[in-house]
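Protein chains in written order, with numbering that gives the first Met the number 0: chain A, 0 to 242; chain B, 0 to 450.
Simulated from the structure, these hints should not be mistaken for lab results. Just so you know, not all the hints are guaranteed correct.
Stated by the list, open to error - Each pair of labels, with its calculated beta carbon distance range:
| no. | chain 1 | residue 1 | chain 2 | residue 2 | range |
| --- | --- | --- | --- | --- | --- |
| 1 | A | Asp217 | B | Lys370 | 24 to 32 Å |
| 2 | A | Arg80 | B | Ile60 | 45 to 53 Å |
| 3 | B | Gly127 | A | Arg239 | 33 to 41 Å |
| 4 | B | Ala249 | A | Phe36 | 51 to 59 Å |
| 5 | B | Ile366 | A | Pro234 | 24 to 32 Å |
| 6 | B | Ala341 | A | Tyr152 | 45 to 53 Å |
| 7 | A | Arg80 | B | Ala432 | 25 to 33 Å |
| 8 | A | Ile223 | B | Lys237 | 38 to 46 Å |
| 9 | A | Glu76 | B | Ser361 | 54 to 62 Å |
As the list claims (entries may be wrong) - Within a straight-line C-alpha distance of at most 27 Å, the following computed DSSO-like cross-link-like pairs (lysine-lysine) qualify:
| no. | chain 1 | residue 1 | chain 2 | residue 2 |
| --- | --- | --- | --- | --- |
| 10 | B | Lys332 | B | Lys321 |
| 11 | A | Lys216 | B | Lys321 |
| 12 | B | Lys332 | B | Lys370 |
| 13 | B | Lys220 | B | Lys272 |
| 14 | B | Lys333 | B | Lys370 |
| 15 | A | Lys228 | B | Lys370 |
What the hints assert, rightly or not - Partial pick of chain A residues on the chain B-facing surface, computed with a CB cut under 8 Å:
| no. | residue |
| --- | --- |
| 16 | Val51 |
| 17 | Ile54 |
| 18 | Val93 |
| 19 | His94 |
| 20 | Val144 |
| 21 | Met205 |
Using N, Cα and C, we set each Cβ at its ideal position, and we do this for glycine too.
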Amino acid sequence: MSDEDKSPEQPAVEQSPDNVPAPTGEVREVGVRHGMFGVRGTGDTSGYGGLVQPIVLPGDAQRPYGGWYDEVADALEHAARDAGLEVAVPRVVVHRGEITFHVRREDLPTVARLLRDDERLRFELCSSVSGVHYPDDTGAELHAVYHLLSMTYNRRIRLEVAAPDADPHIPSTVAIYPTNDWHERETFDMFGIVFDDHPALTRILMPDDWPGHPQRKDYPLGGIPVEYKGGTVPPPDQRRSYN
Amino acid sequence: MSTDQDLYAGSSETSEGRVFTVSGQDWDTIAEGLADEEVMERVVVNMGPQHPSTHGVLRLILELEGETVTEARCGIGYLHTGIEKNMEYRSWTQGVTFCTRMDYLSPFYNEMTYVLGVERLLGIDGQGDDSVPEKAQVMRVLLMELNRISSHLVAIATGGMEIGALTVMTIGFRERELVLDLFELITGLRMNHAFIRPGGVAQDLPPGALDEIRGFVALMKKRLPEYADLCNANPIFKARLEGVGHLDLAGCLALGLTGPVLRSTGYPWDLRKSQPYCGYETYEFDVQTWDTADSYGRFRVRLNEMWESLRIVEQAADRLAKLDGAPVMVGDKKIAWPSQLAIGSDGMGNSLDHIRHIMGESMEALIHHFKLVTEGFRVPAGQAYVPVESPRGELGAHVVSDGGTRPFRAHFRDPSFTNLQATSVMAEGGMVADVIVAIASIDPVMGGVDR
Numbered sequence: 000m001s002d003e004d005k006s007p008e009q010p011a012v013e014q015s016p017d018n019v020p021a022p023t024g025e026v027r028e029v030g031v032r033h034g035m036f037g038v039r040g041t042g043d044t045s046g047y048g049g050l051v052q053p054i055v056l057p058g059d060a061q062r063p064y065g066g067w068y069d070e071v072a073d074a075l076e077h078a079a080r081d082a083g084l085e086v087a088v089p090r091v092v093v094h095r096g097e098i099t100f101h102v103r104r105e106d107l108p109t110v111a112r113l114l115r116d117d118e119r120l121r122f123e124l125c126s127s128v129s130g131v132h133y134p135d136d137t138g139a140e141l142h143a144v145y146h147l148l149s150m151t152y153n154r155r156i157r158l159e160v161a162a163p164d165a166d167p168h169i170p171s172t173v174a175i176y177p178t179n180d181w182h183e184r185e186t187f188d189m190f191g192i193v194f195d196d197h198p199a200l201t202r203i204l205m206p207d208d209w210p211g212h213p214q215r216k217d218y219p220l221g222g223i224p225v226e227y228k229g230g231t232v233p234p235p236d237q238r239r240s241y242n
Numbered sequence: 000m001s002t003d004q005d006l007y008a009g010s011s012e013t014s015e016g017r018v019f020t021v022s023g024q025d026w027d028t029i030a031e032g033l034a035d036e037e038v039m040e041r042v043v044v045n046m047g048p049q050h051p052s053t054h055g056v057l058r059l060i061l062e063l064e065g066e067t068v069t070e071a072r073c074g075i076g077y078l079h080t081g082i083e084k085n086m087e088y089r090s091w092t093q094g095v096t097f098c099t100r101m102d103y104l105s106p107f108y109n110e111m112t113y114v115l116g117v118e119r120l121l122g123i124d125g126q127g128d129d130s131v132p133e134k135a136q137v138m139r140v141l142l143m144e145l146n147r148i149s150s151h152l153v154a155i156a157t158g159g160m161e162i163g164a165l166t167v168m169t170i171g172f173r174e175r176e177l178v179l180d181l182f183e184l185i186t187g188l189r190m191n192h193a194f195i196r197p198g199g200v201a202q203d204l205p206p207g208a209l210d211e212i213r214g215f216v217a218l219m220k221k222r223l224p225e226y227a228d229l230c231n232a233n234p235i236f237k238a239r240l241e242g243v244g245h246l247d248l249a250g251c252l253a254l255g256l257t258g259p260v261l262r263s264t265g266y267p268w269d270l271r272k273s274q275p276y277c278g279y280e281t282y283e284f285d286v287q288t289w290d291t292a293d294s295y296g297r298f299r300v301r302l303n304e305m306w307e308s309l310r311i312v313e314q315a316a317d318r319l320a321k322l323d324g325a326p327v328m329v330g331d332k333k334i335a336w337p338s339q340l341a342i343g344s345d346g347m348g349n350s351l352d353h354i355r356h357i358m359g360e361s362m363e364a365l366i367h368h369f370k371l372v373t374e375g376f377r378v379p380a381g382q383a384y385v386p387v388e389s390p391r392g393e394l395g396a397h398v399v400s401d402g403g404t405r406p407f408r409a410h411f412r413d414p415s416f417t418n419l420q421a422t423s424v425m426a427e428g429g430m431v432a433d434v435i436v437a438i439a440s441i442d443p444v445m446g447g448v449d450r
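Looking at chain A on its own, in the form it has when it is part of the complex (with noise of 0.2 Å):
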């Protein structure tokens, strides 16, 4: 028996996300937490080093969706039938009362177009286009959702398409919403998707040179320590947080 095992920082049994039960419902992981207080190595005596938590998502939901989430759902998989698209949504999201559909990439232009055109779907207004990035949602983790308002039926409605990091590609949808311009630019600009076919895809925000994607998770926050009264305050990411 080695030094390290007697030690009485020991490790703790291994509880990876598989032997953690699920909560009820179908749930998405999309990462582990570990510890409590964001301590780090052997300045941690809060005696919650060990702790290793999934992070999840809230899960699949299941027919009936409920209310006019049906009525949606239905007419975009008629429509998609239509248009040659066997499985129009793969998964779909109902939490807080507001729907998501998870869409293939591929798919999103032939689905953002039918949900607009669409008599029975009729989404008008593409509202934003905001980048999520998942590091550690591995093979999607750059993820785009649109936001999606029917002005006719007062409905709103969540797409959500994701890329892996090494592809960061998305197809435009300039095309169907020429409202998405700017806000795919900002995507890129922010995150590193690409949006194939965008008319003109630059940054917008950020300086033309700018190297990195700012609204990454893996990209630094910045900062300087601050003195103050003889003591040292260091950047905001750099601050002991709780996680």
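Keeping the supplied structure of chain A fixed, place chain B upon it in accordance with the hints.
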């Protein structure tokens, strides 16, 4: 002054053509320079980013043929401050302090849409006993509508100034100051309030505030007609605005424009009516529209909306009079900020009663206070998007939580950002002087555009 004497940039030859740097009163040089050229097919004018008529640091790249604009493009990003990224490194409550600074003319709307998203994820956005109390909702409505008035006043004032209507500017800022005084009375600050917090609002209404609000409403009812008298039928004003910056309903939807621009096409789309939040469905007001789809229509929509806002403010003040002493923060002590500030002899500061309680009486209360203030609360994993009708259109925050004490991601769909895309469509084919009017009718706030 001639361009040759400019120490920093004079006229120069590039592969693209001749470059002039204009800093005022040197138009003769330009005119001569242009006459020199054998073929002057097109002139590209870089306007901004510090031109006074561009509503802050907006850069316009205009291609001119004589005085006609053939191409107009926007350059933005000069005011990018990384607020969204910064919010990922602060607690959920601290996030309000950041996002209030985005669109600095409508801070309460920035706070509101973010807080509504957080509250939806927390599950306290309903009507039940454990959700946000009524008084907090009424105070939010009151502040938002006052904010709509102050924001529209600036839109009209700066828009007027840019076409030479200086009186509109001076009286606009005169009235806006009254609204800011009310903000200062209620929240302690004229701007950057961070007053709307997850779970309610930061502070109860101070004594005497309702009288001040009623006095303001009465005064505004006298003063708002001044704007109508100055502008509505003013032939110069109308000549500058009518038919300028035309964008019809189809164009608005394709380019994602909302707010007064959309309503000036005659389509009564207002989120306060169609997807109400904070109890807007219980207030009496009308959605204001115009049918000309031009800058003049947008001006009239804004003017009429201020009247509607006054109506809502009156109703909210009446409700607040009946809600004296009611809570303004959610009852859940795991979310609600542990204490309110108190007015001391030297101004606003910590509540001495609360300090006595946590420091002298209850160790548990001290622990609770410490945990909530430093660590904050956890928000269940998920994502929410709850847009509000800001003075400029649909303002929404896409709030993503991974179950932690800090936002995993907060993205703001700012109406200024989206609406500014219409610059090209509104300006191209028109006169260069009309570009200013068209942009003023969009009313972009660069703090919101660049975030």
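>> For each hint given before, does the structure comply? Return the numbers of the non-compliant ones in rising order.
In response: 7, 8, 11, 16 and 18
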